[in-house]
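Engineer: As given, the protein sequences belong to chains E and S, one line each in that order.
Numbered by the working numbering, the letters in the first sequence go through residues 1 to 258 in order.
Numbered by the working numbering, the letters in the second sequence go through residues 1001 to 1219 in order.
Calculated from the structure, these hints are not laboratory results.
Among the clues, some could well be false.
As the list claims (entries may be wrong) - Partial list, derived from the structure: chain S residues whose beta carbon lies under 8 Å from chain E:
| id | residue |
| --- | --- |
| 1 | GLN1115 |
| 2 | ALA1118 |
| 3 | ARG1132 |
What the hints assert, rightly or not - Per the computed footprint, the stretches of chain E lying under chain S, defined by three or more beta-carbons under 8 Å from a beta-carbon of chain S, are:
| id | segment |
| --- | --- |
| 4 | 94 to 105 |
| 5 | 162 to 172 |
| 6 | 175 to 182 |
For every residue, glycine included, the Cβ atom is placed at its ideal position computed from N, Cα and C.
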Amino acid sequence: MVRASSVEIRKVNKFYGPFHALKDIDMSIAPGKVTCLIGPSGSGKSTLLRCVNFLEEYNSGEVLIDGELIGYETAGGKKMSSRRLREMRRTIGMVFQQFNLWPHMTALQNVAEGLIRVRGMAKSEAEARAADALEKVGLGDRMSNHPSRLSGGQQQRVAIARAIAMEPRLMLFDEPTSALDPELVGEVLSVMKALAAEGMTMVVVTHEMGFAAHVADKVAFMEQGELVAMDEPANILHHPEDPRIQSFLRTYHERNSF
Amino acid sequence: MNDLLAHYGPFLLRGFGMTVLCWLLGTVGGMALGLAIALIQRYSIAPVRWVLRIYIEAIRGTPFLAQLFLLYYGGPMFGLRLDPIPAGLLGLSVYSSPYFAEIFRSAFGAVPIGQIEAARAIGMSEPSIVRRILLPLGLVSALPAMVNFSIVLTKETVILSIITVPELMYQVQRMSAETFRYVEANLALALFFWGLVELISRLGRRFETRITKHLIERT
Ligand SMILES: Nc1ncnc2c1ncn2[C@@H]1O[C@H](COP(=O)(O)OP(=O)(O)OP(=O)(O)O)[C@@H](O)[C@H]1O
Ligand SMILES: [Mg+2]
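Start from the sequences, fold in the hints, and give me the full structure.
Structural biologist: So this is what it looks like as structure tokens:
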């Protein structure tokens, strides 16, 4: 089992110029729990997720990882040092929709890079660990391939290996399967399920309602920068009370039926 | 014609050697300066960026000939007294630096932000990101433009003859003045440059194919 982090989001606001992208978001995620973020396009899901590792700077409120404020020295105070921010980010893995592998490195080098540069490991040790991580996502036989020689599903699994090799206590996923051909979605989701089963805290922005229904402990629905509801998957996905969720799910089902 | 070749051939060859040397060192100097400018522009505060912007516009907005005169004949007024060759090399480096800076700036801008964010997300420091991600990817995508501008620069070296750098143009002018064989002399000059440019573009292409091998998406 992994040592998992908690995430506490309190009254977080984010503005892009005059545009209010996150409105007083409150969210509490216990260690080892899986939370899926769903909602229409532009509702602020990615923005919220990126505030958790401070890739996006929130303007007010607090984001606490294991009780520790990320991004600022004190709530509403000045920014934390980049060294401290980097230390906090070491324990937070992130997986992107577009994989974002480094194209000039092999799968093994992609995974070993952070271990060498950030964890300060010797190359041989880093590569041994990277190989383990790649085995774990089922890519033991693709380690010397460059990303351009891997399928989308394989690239995304390398990206997951890159994150878990750092031994994170929290994993953030931003639509990890949205860029994949339908037949490649399953291999990525099963790696994510295995991670959830190990007790990793996970926050997953997704349109995979099946994953949300079966793997998530909580599902959060966002619309227009607001957190509309956060509850057990069944209460959101099967019998939602809020009309905004009902209408979102109706559109979703219409799009996915033929 | 044979006499002409026998007499002036060695001078032309030596001049060509000097041309290649000036081009090579001036280009390397310009690339180094341009790279430094592009990186400083990317990571520094606004006032520094404005100063660099002005430098870029000033150098790009004025003829190389004028810059070289100012450096060589005007330099001593400010205590900068240089021999022709060092002055020529410095001049070429400065003259080419803003073009290289712009090439690097746009190449760095073309590195997908997601690949940089992925590095930030695992806690890599900015210097590591520059060294491991930004430079390798940026330089590869800058390569065609770098080769192209280096080719343009070969021909700018002829201007060094006005400050008496003994490069190919200087020798050609001497030959012309002494023999009145302007056509032959300039034909020789043209052939030398054509050969050089051809060589550079071939080497550039070969190098490009080699280093982009892994970056091309399989289709
Ligand atoms: N850098 C930015 N500058 C200005 N506006 C932005 C920026 N990034 C996001 N936005 C706006 O903020 C809102 C929320 O964007 P966000 O990407 O978080 O939505 P999302 O819920 O992830 O949508 P999607 O499902 O399409 O990914 C959108 O209206 C978007 O246009
Ligand atoms: Mg998004």
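Engineer: Going back to the hint list, which numbers does this structure go against?
Structural biologist: 6
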